[in-house]
Structure formats: C-alpha cells, structure tokens
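Chains as they are written, first to last, in this note's numbering: chain U, 1 to 391; chain C, 1 to 391; chain B, 1 to 391; chain Z, 1 to 391.
Derived from the structure by calculation, the hints contain no laboratory data. Keep in mind that a hint or two might mislead.
Since copy identity is lost for identical chains, a pair holds within one copy or between any two.
Unchecked claim - Mimicking EDC-like on lysine to aspartate or glutamate, the simulated pairs with C-alpha atoms at most 16 Å apart in a straight line are:
1) Lys369 / Asp112
2) Lys75 / Asp58
3) Lys316 / Glu10
4) Lys369 / Asp110
5) Lys12 / Glu134
6) Lys316 / Asp165
7) Lys369 / Asp30
Bear in mind the structure is a predicted one, so any value in this text is a computation, not a measurement.
4 protein chains.
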Amino acid sequence: MTDPLAPRPEHKFTFGLWTVGWQARDPFGDPSRPALDPVETVQRLAELGAYGVTFHDDDVVPFGSGDRDREEHLKRFRAALDEAGLRVPMVTTNLFTHPVFKEGAFTANDRDVRRFALRKVMRNLDLAAELGAETYVFWGGREGAEVDVAKDVRAALDRYREAIDFLASYVKDRGYGIRFALEPKPNEPRGDIFLPTVGHALAFISMLEHEDMVGVNPEVGHEQMSNLNFVHAAAQALWHDKLFHIDLNGQHGPKFDQDLVFGHGDLLSAFALVDLLEAGGYDGPRHFDYKPLRTEAFDGVWASAAANMRTYLLLKERASAFRSDPDVQEALASAGVPELSLPTLGDGETAARLLSDPAAFENFDADAKSRRSHGATRLDQLALEHLLGAR
Amino acid sequence: MTDPLAPRPEHKFTFGLWTVGWQARDPFGDPSRPALDPVETVQRLAELGAYGVTFHDDDVVPFGSGDRDREEHLKRFRAALDEAGLRVPMVTTNLFTHPVFKEGAFTANDRDVRRFALRKVMRNLDLAAELGAETYVFWGGREGAEVDVAKDVRAALDRYREAIDFLASYVKDRGYGIRFALEPKPNEPRGDIFLPTVGHALAFISMLEHEDMVGVNPEVGHEQMSNLNFVHAAAQALWHDKLFHIDLNGQHGPKFDQDLVFGHGDLLSAFALVDLLEAGGYDGPRHFDYKPLRTEAFDGVWASAAANMRTYLLLKERASAFRSDPDVQEALASAGVPELSLPTLGDGETAARLLSDPAAFENFDADAKSRRSHGATRLDQLALEHLLGAR
Amino acid sequence: MTDPLAPRPEHKFTFGLWTVGWQARDPFGDPSRPALDPVETVQRLAELGAYGVTFHDDDVVPFGSGDRDREEHLKRFRAALDEAGLRVPMVTTNLFTHPVFKEGAFTANDRDVRRFALRKVMRNLDLAAELGAETYVFWGGREGAEVDVAKDVRAALDRYREAIDFLASYVKDRGYGIRFALEPKPNEPRGDIFLPTVGHALAFISMLEHEDMVGVNPEVGHEQMSNLNFVHAAAQALWHDKLFHIDLNGQHGPKFDQDLVFGHGDLLSAFALVDLLEAGGYDGPRHFDYKPLRTEAFDGVWASAAANMRTYLLLKERASAFRSDPDVQEALASAGVPELSLPTLGDGETAARLLSDPAAFENFDADAKSRRSHGATRLDQLALEHLLGAR
Amino acid sequence: MTDPLAPRPEHKFTFGLWTVGWQARDPFGDPSRPALDPVETVQRLAELGAYGVTFHDDDVVPFGSGDRDREEHLKRFRAALDEAGLRVPMVTTNLFTHPVFKEGAFTANDRDVRRFALRKVMRNLDLAAELGAETYVFWGGREGAEVDVAKDVRAALDRYREAIDFLASYVKDRGYGIRFALEPKPNEPRGDIFLPTVGHALAFISMLEHEDMVGVNPEVGHEQMSNLNFVHAAAQALWHDKLFHIDLNGQHGPKFDQDLVFGHGDLLSAFALVDLLEAGGYDGPRHFDYKPLRTEAFDGVWASAAANMRTYLLLKERASAFRSDPDVQEALASAGVPELSLPTLGDGETAARLLSDPAAFENFDADAKSRRSHGATRLDQLALEHLLGAR
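Looking at chain U on its own, in the form it has when it is part of the complex (with noise of 0.2 Å):
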C-alpha cells in the first residue's frame, strides 16, 4: 500500500530550477549558498517524487551563450531528465535579470530591445518544443514603470499584444502544441507592473488574436501581494477556462515578494485552493516558485522542497475528508452553497414573465427573507477543524 503523504510523478509536483537552486541573494544581501548544479537539482528532485521541472532559458544556458556552449550545456542537462525520468512541463524566458531589459522587455520604450527580447523567446521556444513542454510562461517582471509620465501605458499594451500574438503565430506555424500562461504580479522588481493581477491578464487576453491558446499562471502570493484573495482568482480563472498553470507558494501580505513555502503563509486560504483544484478539474502541474529562506543551507533547501508537496498531501487529506463529512454536506446545503447553482431564472424565463411574478416583487418579503440565517461561521469553523485534523 502507498503512503498518501509520498510525493509520486502522478501527483504531478514541479519546481523551477531557480527556485532550490536560488543563490539567496536579496536586495540587502549577498548569496549565502553557492550556485547548484541543474544537473544535482534534477537527481535530487526526482528522488523526492518531483514530476519534473521547469526553467528559464538562462538557467540552464547563460545569457549570452553561443549557439555551441548552448548545446554542451543542454546536452548534459537532457541526459539528466532522461536519467531520473522527470518532464520539463513548462518552460519560460528571463527578460528581467541582464540591465538590457532595465525599462522593459515587449514594452520597452526601446524599440531595438523589444526585438531582441522577441528573439530571445523564440529560440527558447524551440528548445521548449524539442522538450516536450505543454506550457509556456511570461512573467514581464520588468513590463511596468515607477513614473507615471514616462510610460504611455495604451502603448505598451498595443506592444504586449503584438508581442504575444507574434509568438502565439510563431508557436502555431510551427505545430509546437504549446500553450502560453501569462503570470500577473503587481509590483517588484518594478514600481508597478502591466497586468498586475489576474483580472488584468485575463480582460488583456480577451484582446488577443490568438487567445484561444492564451491562459493564466496564477501565483498564490503574488494576488496576495495586493491582499487579494487568491482562491477567487483561482476560482475566476478556472471559470475562464484559462487556468493553464499555477505557482503555489506562501505570502504574509502586502509586502516584498516572499516566496515562502506553499502553506507557510496562509493557511486556511492554502486549504480552501487544494479543495478548489482538487474538486475543480484542474489536471495541470502543481508546480511550486518560491524561494527556499536565505538562512538555510542546502540541508534547508531539500527539506523545504519536501515540505511544499508534503503540505499540499496533508491539505488533500483534508480538503477530501471535509468534502465527504455528512455534517459538512448538511452545512453546505443548509447555507444554500448549491442553490447558487440554479439559474436566477426559470428555463427560458422572459423580462415579461419575470415581471408579471408577483413572487419577485410585490410579494416578495424583504424582511422576512432577511432574518434567514447563512451558516458562513459554521462552514469557516467546520473547514478549519477539518485542516486541523479535529474531526
């Protein structure tokens, strides 16, 4: 018998290679690890019971390589993935780090820049292909601005579509089978970024030429960087059909972006996302970005990796025993949660019919109908006994 707590590939558990492999260096500080190895991160995941990984471009290859370096450094990075039998689901491009992107990337208001940056997605792209990778992401960390008078923000949005729509066109002319997943952040490393929200990448995508192939990669503390409440986002999303992907993490709020381990944030929101993706038809990655704490070594690292798919096991136990607890459904259906379901109008219900039931209207009782009591309390209580294991 398996132990449910034991991360395997079929719970489909991904990390970015800069996410272990973050070196710890922060706006205040030098990097307290060395660099590590894609090649160990790759071993080490996989014996954890990682799905696969994901990457930047410049993670594997450094920025500015040649096209021979690229390959020698690929060809051992390959070897490793085919060895410890990890996938590359999702691939994505660093147009944030190198100073050549400083005032954007698609949206610079250099226009030499914003070709480059096309060519830099475009050769990553191919080798996402050649990987076998169903997603790739676009985090414009540096689309933004910090001065409101020195950006035409109209502009830089005709520029972001046509950027996304040039390579959706590339990706279809090519028959790469992939999918984009745009990853909205409101601020950092910018004062404000384009898109800063789901809502944003979403409402943007409806303008594409080329939306049918375009979805959103929410991450978990980026909403909650704006204090939004990411299970809606989530929620919205799926509702979009547009959840391609998701970066589970943690977040205490409005402040720098943390990046803490899935459920070290908060909690009864990581439980109520697990309950959400589980029972919500989300069959994707869950893929975890965040940033293993800059005062652990590498014994730190693992332990925190571990501990992202060990968290989202336990709130699977969870979520599934409160979903199956009879007194929850009583709750559930006492609070009216199912009746949401029902259409406001009857089948094929007309404006002249509506108006002609008195029910509606003349009749209805407001008073009455306000005493009626909801059972929010009950349910919050009865979803957090469940997360602490006390039923």
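Could you slot chains C, B and Z onto chain U? The hints should help.
Positioned in the frame of chain U, the structure of chains C, B and Z alone reads:
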C-alpha cells in the same frame, strides 16, 4: 473672460446624491449630520457649477415604497432638476443597504433574493431611461464572501453573468439607449468582493453575451485600496474601450474606503489621472464619489463639493502646461516615450524575417544597450514642478 | 474526566457585550439582527462556558441616561451576572459613537468635549470598580485625524497624556485597584489614529507619570491591519511587562477592521500566539473582540462565540504537543533558538576584554560561519504539521 | 541675493554614499550601473550644494579589510572630504550584506555572530568619532524572522538591549560625543523585522540603561510600507524628544522598499512633513536615503540627487507661505487647532473640582456640541492650493 478655475456645466462635473447627502454614520459612529433633501442638493450643486447628479433608487425613493409614494417623490425631484438645469447622466441601484442583500444580490445563494434584485433593477432602469441617463452603474457591494468554503465562486460568476446579460437584454429590448458600467471594489462591506479590480471586471465583461454595451466605472480609491496604480487601471480600461464612466475621489492606501475629496489622497497620481483623461479621449462625466468628512457640518459639505471641482480644474491647468512645455517634450522624446508607439515588428514582418535580422539578436549588443539612460526621474521631477506651479 | 476542548471558567474566556450583541450595521448596510438584551447575553455566554463579560458604559446604559435610569439598567445587569456566575474583569468607555466625539475625545480640538470625555470615563470607572474589574481599557477610536494640517499631533499627545495621567491619579486616589490598558489601532474610523500600533502605545506609556499602572490591550486584527506580525507585538508587550489584557480575533490583512472569529484569519499566526500566551506567562483573560458575520442570525452568533473558544483550546492542545515533541526540541536546539538566551557578553565582560578577544573579530571566520544552516523551514513545517494534527 | 531654491550647506542636506552609489542590483536583476568611487561622490555632491555625506563602514572600506588596507581607503576618503568641504554628520554599520548576518546580527541565535557584530560596530564607532560624526545610526535589517517559532522574540529584545547599551557605554567611556539613532523598518529583507515602526523603537529605547543618548532615525518609506502616517510618526518622535536624525525619501504604500526621490511618493504628506520639520524645532541633517531608479544612468543619478534637494526647498517655500497666509491662520483658529494646546484641566484643577463642574457633564449639551463644524476639509484644500502654488 471666464475664470478657468470656475466649474461650469461643460466641465461635466457630477455628484451622487449620496455623497453630499451622506449623514456621516460610520461603523463606530452615529450620524453627525441630518438628512439632506435631494431637492436642496440639486439646487446647491447647480449653484456650485455642477453638470448633473446621479443617484441610487433608494436615495430618491425610500426602499419599499409603493408606486404612488414613489411617483410623489419623483415628481418633486424632476421639478428640481428642471428648475436647476441639472442632468442625470447616470443612475444606479442600491443592492446593499437592506439586510435582505446581506449574503448577496445577483449572487446570493438564495434564489428568491436574486430574483428580487433583478426586479429592483428593472424598476429603476425604467426610471433611468425616462430621466435620460446614458449610463447605469452596477456596484456589487454585497457580491462576495467572508468564508471561502461558503461560496461557489464559479456558480456566483455564472449568476452574475446571467443577471447582467438579462438586464442588458431588457435595456436593448426596450430601446433605452443606456450602457452599463460595472464598478469594481476589492472588499468592504464584504470580506472579499467579486470582480475586485478593474482587471477582473474587464475580464468578466469579455464573457458576456452583451459585452458591447457593458464597460467599467473605476473608482480611484477602490483600486488604491489594493495599492494598485489607478492611472494604469484607467488606461487599461481606455485601451479596452470600456471606460464608460469614472468615480473620482481620494484614498490613503490599503485601509477602509475613505472616499476623500479628489486630490486629497495621492496627489501626484491625481495629476497623472487628469492628464490621462483630458488627453486620452475620455468625454464622459467627471463624477465625484466621495464622502464629506464626518467632522464637518454643512458648510464643510459644500466646501468639499467645491474643492473636488476646483482641484480637478487646477490639475487640468497644470497638466496642460506640462504637456505644452518644450522641456517636457524634449524629455519625453529623450526617454523614448513616443517610441513605444512604433510597432516592434516592421510592416508585414514575419517570424522568418525577424529571425534573419542579425541586428535583433546576433549583433545586438546587450551591454551597450544597457547603458541607455531613460530619464524617468527627470520626467517625474518635471511633472512635480509643474504640479507645484514651480515652472 | 473533563473534555479538554470544552470551555470552562478557568480558561478565562471573556466576551464584550458589543460582540455577540453587534447588530451588524456596517458602512453600507442596515442592521441584520435585532438588539440583544445584555441579560440574555450574560446567560448564553455562561452556558457556553465563558468566564466573564466586558462592556462599554453605553452597552449597558444608553448614552445620556440620568442617574435613576442608569441605576435601573445596572440593577438588572448585576442580577444577571450574579445568577450566571460571570465576572466582569474589564470595562471600557464609549468615546466614539456619539457625534460629539467626531473630532476626538481626549484629543478633541474642542476643550469642552475633552472635559466631558473625562467625566464620562470617571463615571464609568466608579462602576468598573464596584463590579470588581481589574482592567480598564482605553480605545481612542476618535483620537486621530484625516488631514495632517488640521491637528497638532504633539499637542494631541500632550492632551492624551494629561487625560490618562489624570484618570490614573483618580483611580489611585479612590483606591480602585484597577489597571489601565491602551488599545492601539492604526485607522478606522479615523483616517489615522494616534498610537496606531502596540509600539506607539508602549512608547507613549513610557512618558506617563503613572506608567506603572498603564499597559496595553493589543488586538490581533488591529496590528494585522498594518500587516505587522501580531506575535511579535504581543511578545514585545510581554517583554515590557505591559501585556495587561488581549483582544483575540481574526483579520485578512490591510483592509477594514473585520473582527473575524479567532483563528478564522491567519491561522499559523494564531497558533504561534496561543503558544506564546500559554507558555509566556500571560494569565489574564482571553478576551474575544470580534463581530459575528452580518450574514448570520442568532444561531450563527452563538455558534461563532463557541467557535472562538473551541479554536483557542484546539490551538492550545496543538501548541502543547508541539512543545513536548522531542523532534521539535531537537530542531529548536539545532536552530540555536535557546542559544539566544545566552548573553552576548561574558559575565562582567568589558569593552576592553571584548576588544582583546581575537575569536570575536581577528580570527572570526565570517565565511565559514555563513554556512551554518538555521533550520527555520524545518521548524515551520513541524509547527504546521502539529497544527494539522499530522504528527 | 541668493536663490532660495538653490541648495546650500546651511540647508544641511546629506546623502548616504550608498544612495547615489547604488549599482541598481535588485532581487530580479543584475546591476545597471558601475560602482561609484566615494571620492567622486563627495565631489559631485559638494558641487550640487550638499552639506555632508554618510556611510556604512563597508561603503568606504570593503568587508574584511585588514588595518593597512583600511587606512589606505580612509586616507583617500578623508582627503576628498577636506577638499570638498563636506561634513560626515552620521555614520552607520553594515550588519546585513554579508551572509554571516543572514540570521541576525545583535539578535542572531548564534552567539559568535553577535560578538562579531559588536566588534564590527566598535571599530567603526572609532572612525565615526574621528570624523566628527554626531549621530550613529543602527538599522537592524537582519534582526527579525520569517518563522515565528524559530525565534524567541523576548530573548531577541534582551540581546538587542544588551548590544545597544554596551555600545552606548563604550561611546560614553571613550567620550565620543556621539548619539545613537535606531532606524525602524517593518520587513525586507527579513519577513518581519524587530522594532518595525517608530513606535516600537521609541518603546524599546525607554527600556535602555542609556536611553538618554538613544533616539530614532525614522525613514519616510519605512513607515509608509506599513501604511502608517509618517507625519504622525515624526511628530511623536519629536514629542519624545527623540528625533535625532531623519531619512527622507518616497514610497507608494505597502510593497517592497522603493526608496524613491523625496516627494515622488505621497506628495501631500511630504508637504506636511517639511512643514513639521521646519516649524517643529528639528535642526539636524535633512538626510536623503533613496535609490536612483534602475532605469537611469549617471546623468539620472545626479539629477535625482538634485531633485531631492530642490523638492525639499520647494516644499519649504510652500509651507512657509501656507503658515503666513491670514486665511490659513483664520481657518486654523476656526478649526480649533490652537485650542488643543490649552490644557483640558484648569490650573491645579482636581478630580473633585472637575466633578463639581456641571458644565463638564450635567449641563453639557452633547447634541448641540455635535453640530460644530471643524473645517478640516477647508484646511486640506488650503494646504493643497498652497502646495500647488495656486494661492
């Protein structure tokens, strides 16, 4: 010669009846001012130079009024409008004060409440059309939750869409010539409100059957409650061609909804906003949705109404001087701001052609390009000095 | 054998009358529940296992009551307390609801208002003493400003100090045996409130003539409204020996004051808080200052009261298991947590001696020391798993 | 006649070497500017009209330098200061960049690290004294935690106090004539930093043996990262007679530490701050602790340095005009602002006497008093119009 700082109807300044009429009851305090007769409000605002007033149904006709009482109230109100020469460019519904809406209106778990909410809106839409309103605002203040597991967010969005599409269809069928504007807000009075930002609302709109007639009504303070950049939000709404209406006020960051006088919050942002609206093709009402401070008696109420308009006109004057200053134009050019309007790709440039342009990648000197200075600080300081009247 | 999760008087759980009695009026909504008779509150809370109740003067005796009416109200209330066996360990004054306090109470610009505020408190202090209260809380909800130039902050702090010292002297002169506890809050209802955090209040206290009898009453949600770490705040208050009382509830970061059930906000923080209080020498009341959700009728009100206490007891059980787990003890030792209690200097070590210790500088190997792993992630995960009942 | 907007040494403008010298490495990006020689910095700032420079030990002498190398670096630096005529009014220590401090410095769990930190400060205190610095700043950027259970906060405060008192004693024994200023910050780089606000630092100081020589160095953006009112914080520090130094910059609310140019964040607050400092008896340096935007090359760096000073002088001019405007004086009087300086109690008034004054309670007409209008909006608008140069 007219005083450019004196508000006149052509400036299209409008006020909600509920703004100057706010009795200053807050979560910890009883009212500090008596109720204001809408008739007096109309007269006073006309004297101050406003263009129009807006209202929730219940601002003019008490909740639950029968048809006869309603007609009495409306008659007096219409007469006051006619006498003062004020327009009613926007109307909205109160779906939040009465406790019947405590768990939601269009997205209440209780279907009867949802049906009543539709009827309440329909009744008021008829009035809006009769008064010549062009815009109908939907602020879903009770559409949300405090407890994640007590609400099925996707079902809620289904119901929200059902309601808006049904009402849009009603308006079209009746030939009312009204457009809808959704007003986002992240929280308060609910712990989390659905469609929390301009982005989420724009995304939602893209899923509507009648999306052509639905836009947004962003409010300065509502985005700033999430510490998002309001100028970026308004610009993205304009980019979507969905800035149907706007609520101007002030806020000091993430805290309760302050509804300060326009400009009395983040002043540099207010400057950039007026610059955007005046230059950006927005020609709708400049609608103040604010609350006179609870410390003020009626003298302060009317002073605050005047302060909103005067501040707007001052900022307009400053923004105009900023745009026409040759130093600013030179600084913008040097920063590459107009360059962002150039497409990244040449006319008809294909992927193949971009791939064969060595200037875009092979010969691109990233390090050299990194040294370009972008002049954002200079622009910020030029804006600040124009704002201060110091140039 | 007693159920460790059943609340009993020795747990010292107390509730404000205004908590369960909140009628659920909010800034955008009318009450959703009728008023609750304090007598009924006392009975119900006693049945649920509470130790005591607390109140503002106006919760028991309506504002402006004459002496005779006041005595009538108090008589009924005292009888209910006696019958139920509930204590009144804390009392406070309402200096915020009536609009006379709209511009402040102890720090109102209007001197007459300040004098009235003092008298209102003195009257209620006499009652508090008579009821055997040990603590008198001061929440200065109206002591603040929206407009920087409309308030002389230093004069306000002078008046605040004058008021607290005068009242402290009154209590001492009367021999009341009452201590004062100041309750900080950053904003709401005022735009900015004086003494916005536990730190500012502790600092202010250090300037008082009667600082010996004045401490703080921190509230979980109030610090979290500024996204500050509440556990750190409570620990600093304990370090100052000034944690005289505590308000337990929940909050989802910087937004309006939510007053959620304890644990229904940041659950990991609530765990660490209970761990601190239980192990840290705090023996005062565990006072719940929360608001039952507006969506709930009275069944939900009493369920929420019970939820506060049950959650506290669950967290206490989990924290106790965490502390007694040998793995945790080993992890704490390995992380050096107990090492922080060792003074940095040796016993009587002078500057000269430290300067002559080469191990402290000349021979200190900073790079080698940098490689120590601090095991914080492991501790976080151990805490999380104990919290989840998963160990 | 001198230009009132031209910075001159008597304005006491100072800059940290690390400000203009910031190479613009951020959490997601490599440096965009080369290192700046401190000698050049000194020359350039003198040309721009600055009064002095400040530095961390490692800004002038690389970490780990032996005594001989150190003397070489210092010699060049001293010569540059002499030549430029710049003062060094403040010095501080870098206890955060090297990973040896990753888990803390004065409050590291590791005692050896704590001892090293003390020695590093002592070495630099000797230099500070030699250079004639009056103030020594302590920013404990690594004194904090990410994980509540991984740190004993009370032990940490014990060690913090031990360190500050030991160093204060060292300074006194050596007769250095230096005062200490603690600089609070809520988070970044640590998840939560101890002494997160001006309030917490002032409270901590009250517990020191050498509290007489320890004050605070508040930074505009640090308080605003918690969305606290910086003007209130500075005023409370003045009230405690503890505003020993000040860090001026800009910030857009709760997000990463932006370190914008002074005034380029919340401009109305900057106006009120300059008004407070100029009128409030603060005569220390106006120290800019900011970061030139990463988008800028050196032209932008020096433009930003100049912008800080020019903005301060502009605001000073505006504040002075505001204070001398008779309309403002009348509005302040009408709002009762000066009335707050009147003690609430009469000279020698006892509790008994207050109790016997019927005007204070029995005859106090709360409803009538509630109707007083406080004129705060009028004052806000007068401030705004003076700020805009519109009066």
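Here's how the hints hold up against the structure:
In this homomeric assembly, Lys369 and Asp112 come within 16 Å of each other (Cα to Cα) only across copies, at 9 Å, whereas the closest approach inside a single copy is 63 Å. Within a single copy, Lys75 and Asp58 get their C-alpha atoms as close as 15 Å, which meets the 16 Å cut-off; across copies the closest is 42 Å, which misses it. For a Cα distance limit of 16 Å, the shortest separation of Lys316 from Glu10 inside one copy, 14 Å, qualifies, whereas the shortest one across copies, 37 Å, does not. Taking identical chains as interchangeable, the C-alpha atoms of Lys369 and Asp110 lie at most 16 Å apart only when they sit on different chains, with a minimum of 9 Å there against 60 Å within one chain.
For a Cα distance limit of 16 Å, the shortest separation of Lys12 from Glu134 inside one copy, 13 Å, qualifies, whereas the shortest one across copies, 51 Å, does not. Proximity of Lys316 to Asp165 under the C-alpha cut-off of 16 Å is found in neither arrangement, the shortest distances being 37 Å within a copy and 37 Å between copies. Within a single copy, Lys369 and Asp30 get their C-alpha atoms only as close as 61 Å, which misses the 16 Å cut-off; across copies the closest is 14 Å, which meets it.
This entry does not satisfy hint 6, going by the numbered hints stated previously; all others are met.
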